Amino acid sequence: MARSTTVMRHDTHSTTDQANGWSTKRIAVTALFCAVAAIATLFLEFPILPGVSWLKYDPSGIVALIAGFAFGPATGAVVSVIPYLVHLATASGIYGVIMAVLATFSLVMPAALIYQRDTTYRGAVVGMVVGTVVCIVACIVGNVIVTPFYTGMPTDAVLGLVVPALLPFNLAKIAINCVVTGIVYKPVIKALGN
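Each residue of the sequence shown is one higher than the one before, counting from 373 in the numbering used here.
If you are wondering where the hints come from, they were derived from the structure by calculation, not from laboratory data. Be aware that one or more of the hints could be misleading.
Stated by the list, open to error - Calculated cross-link-like contacts (lysine to any residue; reagent style SDA-like; alpha-carbon spacing at most 25 Å):
id	residue 1	residue 2
1	562	541
2	397	562
3	562	394
4	558	490
5	397	548
6	428	408
7	562	458
8	397	561
9	428	407
10	558	494
11	428	555
12	558	412
13	562	400
14	428	527
15	558	493
16	428	529
Bear in mind the structure is a predicted one, so any value in this text is a computation, not a measurement.
With these hints in hand, go ahead and build the complete structure from the sequences.
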């Protein structure tokens with residue numbers, strides 16, 4: 373019986389998309405998106421509504437939306453989570469991380485999933501509208517659960533903030549993220565050569 377000399381080669385690294393869908397370029401671009409989003413969340417974060425200083429806007433959601441549209445839901449998910457880990461070392465701590473990830477992930481994932489199936493302007497708009505609805509619900513529920521732990525505020529008081537603070541803040545934040553993404557998406561993608 374002849375002995376086979378064929379050896380199966382299992383590369384652990386690939387520079388193409390054939391191995392696992394993550395080329396070296398995609399990994400590098402994802403890391404770049406994560407770095408830009410981390411810088412945005414650390415240095416460009418500010419409150420936009422008086423009286424609720426813990427509700428802060430930062431443009432990292434724009435970065436995550438662009439990543440999700442350009443490279444798909446998996447990249448959008450990574451950029452929706454990794455950059456916020458820097459908040460573990462800030463005053464907002466774990467509660468800030470939970471809310472930031474919840475807000476960004478719940479906007480980006482529906483938008484990226486819908487856009488992945490319909491890569492037209494209409495698909496992007498429908499994706500962002502669905503993402504907006506999911507994000508609003510997730511953020512309000514998340515704030516009702518997380519804010520009492522973070523601020524010591526009673527749950528009833530947080531519920532009292534839904535209409536005057538939580539809803540307007542989240543609508544404003546999402547509107548900024550979606551409008552700016554719509555404006556800068558094509559130039560950014562062109563610059564990245566995608």
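Each hint tested on the structure:
1. 562 <-> 541: This hinted pair is violated, its Cα atoms lying about 32 Å apart.
2. 397 <-> 562: holds (15 Å)
3. 562 <-> 394: Roughly 20 Å separates the two Cα atoms, so the pair holds.
4. 558 <-> 490: holds (16 Å)
5. 397 <-> 548: Not OK: residue 397 and residue 548 at ~29 Å, beyond 25 Å, violated.
6. 428 <-> 408: Holds, at about 18 Å.
7. 562 <-> 458: violated (29 Å)
8. 397 <-> 561: holds (14 Å)
9. 428 <-> 407: Holds. Residue 428 to residue 407 sits at ~19 Å (cutoff 25 Å).
10. 558 <-> 494: holds (15 Å)
11. 428 <-> 555: The given pair, whose Cα atoms are some 22 Å apart, holds under the 25 Å limit.
12. 558 <-> 412: Holds, at roughly 20 Å.
13. 562 <-> 400: holds (16 Å)
14. 428 <-> 527: holds (20 Å)
15. 558 <-> 493: holds (11 Å)
16. 428 <-> 529: holds (19 Å)
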